[in-house]
Amino acid sequence: MKYHKPASFADAIAIAAGASGVTRFLAGGTDVLVQLRADIVVPDDLIDIKNIDGVSDITQNVDGSWTLGVAATGAEMSEHETLGKEWPGVVEAMDLIGSTQVQGRATLVGNLCNGSPAADSVPAQVAAGISISVSGPNGDRTVAVENVPTGPGKTSLEKGEVVTAVHIPARGDNAGDAYLRFIPRTEMDIAVVGCAVNLRLDGDKITEARVVLGAVAPTVLLVEDASNAIIGSTLDDAALDALAAAAEAACNPITDKRGTIEFRVEVAGVLAKRAAKIAYARAKGEAV
Amino acid sequence: MSKIHVKTKVNGDEVEFLCDPRETVLDVLRDRLNLTGAKEGCGTGDCGACSVTVDGRLVCSCLMLGAEAEGKEIATVEGIADGNELHPLQKKFIEYAALQCGICTPGILIAAKNLLEKNPDPTETEVRYWLAGNLCRCTGYDKIIRAVMDTAAEMREAS
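Residue numbers (this note's numbering), protein chains in the order written: chain A, 25 to 312; chain B, 398 to 556.
Just so you know, the hints here were simulated from the structure itself, not pulled from any lab data. Just to be clear, a hint being listed does not mean it is correct.
The calculated lysine-lysine pairs, modelled on DSSO-like cross-linking and capped at a C-alpha distance of 27 Å, are [to be verified]:
1) A:K74 <-> B:K400
2) A:K26 <-> A:K183
3) A:K26 <-> B:K406
4) A:K74 <-> A:K29
5) B:K406 <-> A:K109
6) A:K29 <-> B:K515
7) B:K515 <-> A:K26
8) A:K109 <-> A:K29
9) B:K469 <-> A:K109
10) B:K406 <-> A:K29
11) A:K26 <-> B:K400
12) A:K183 <-> A:K229
13) A:K74 <-> B:K488
14) B:K540 <-> A:K74
15) A:K29 <-> A:K183
16) B:K404 <-> A:K74
17) A:K109 <-> A:K308
18) A:K229 <-> A:K74
19) A:K109 <-> A:K183
20) B:K400 <-> A:K29
21) B:K469 <-> B:K515
22) B:K515 <-> A:K74
23) B:K515 <-> A:K109
Construct the complete structure from the given sequences, taking the supplied hints into account.
Next up, the structure:
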């Protein structure tokens, strides 16, 4: 294995383009190193992108949107003064991954590119409408996060492509997001079901919503029926029941040691309701 | 395979080493620098026995390559005592018997020290969450948590 430490994304792309074997980009390494050490994926070329200028920056742009460097860690996101106030769901989802130690290294992009259907930050990223910049041998493109995972451990990124930045939309007014997951313990576990909700209000009425489920299908699910179930409502009981029914209907989970199909489906409905209530309260400006 | 030349700082001392690209910081600390405080429990970032700080940030040294340590400042359990004077956390761990086999202890000391530097007055819940990535199979955690809480109280009084 060759270890590379390029000073620019152009150099990183050139190294990847010139590589003939397995290539991995290294940011936090909390998945890449585990796979490397367990001989699951041993790259021929490991390209450490942390030496590139600006990759750890968390920047709010003049229009209120955010640009995150691809190596910004969970700890840096949680410690940021305003990111978590504007996007508490995104930050709390990232913060649920692993331990304090893992938070010191792990990144949003790593969690996305690892391709786990149970990745905690991914439903929250999709709900928030986050997109990523990707560069590779065929040029640059911007991809919505929901179009990145294609199956367990698989993404739509092509050979030689590297993620260069994360774009979070401007929060805007009267809006809130939330992420909840079910695990049988209180810390250090993988989601049995995860659910993120991002919504906007006009008065008491929901005008925009994105409801997203994790760990109940081969990829993260942006559930349009569930979003439509609460748009136009004040999140009354009827809307919450319709939300839960739509979330349950969208599930296509497996039975494994973490939970059965039946359990996951039911929990998806419960979490959708709870996450929607939290997002709604946050959109109202209440501290949740 | 050619080795990588790395210059870094460990517990304040400048060190240089040659390492294989696949070697972790944990491998380097233990096998090249003879600092065997950090332990390998799982090697996958779950147990925290290999905890060190890198530029003040708590990390698992098993999840970082030696090559990534270039230009960094690493702190391990070997550096927390002041000569023969134990760190307040070390004294309290002895006083409370907050260890049995001791494998997890270096990682927990480093993690707890890092917490108290950021938050000198943590709640018990905050201590428990902060240390959730440090597994101990002997103590049931109670004595560890009490030792950390008492150290925090004592250090606040002293400062």
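Hint-by-hint comparison with the structure:
| no. | hint | in the structure |
| --- | --- | --- |
| 1 | A:K74 <-> B:K400 | holds (20 Å) |
| 2 | A:K26 <-> A:K183 | holds (18 Å) |
| 3 | A:K26 <-> B:K406 | holds (24 Å) |
| 4 | A:K74 <-> A:K29 | holds (8 Å) |
| 5 | B:K406 <-> A:K109 | violated (36 Å) |
| 6 | A:K29 <-> B:K515 | violated (31 Å) |
| 7 | B:K515 <-> A:K26 | violated (37 Å) |
| 8 | A:K109 <-> A:K29 | violated (34 Å) |
| 9 | B:K469 <-> A:K109 | violated (31 Å) |
| 10 | B:K406 <-> A:K29 | holds (19 Å) |
| 11 | A:K26 <-> B:K400 | holds (10 Å) |
| 12 | A:K183 <-> A:K229 | violated (45 Å) |
| 13 | A:K74 <-> B:K488 | violated (38 Å) |
| 14 | B:K540 <-> A:K74 | violated (39 Å) |
| 15 | A:K29 <-> A:K183 | holds (19 Å) |
| 16 | B:K404 <-> A:K74 | holds (17 Å) |
| 17 | A:K109 <-> A:K308 | holds (13 Å) |
| 18 | A:K229 <-> A:K74 | violated (44 Å) |
| 19 | A:K109 <-> A:K183 | violated (36 Å) |
| 20 | B:K400 <-> A:K29 | holds (14 Å) |
| 21 | B:K469 <-> B:K515 | holds (20 Å) |
| 22 | B:K515 <-> A:K74 | holds (24 Å) |
| 23 | B:K515 <-> A:K109 | holds (20 Å) |
The structure shown violates the earlier hints numbered 5, 6, 7, 8, 9, 12, 13, 14, 18, 19.
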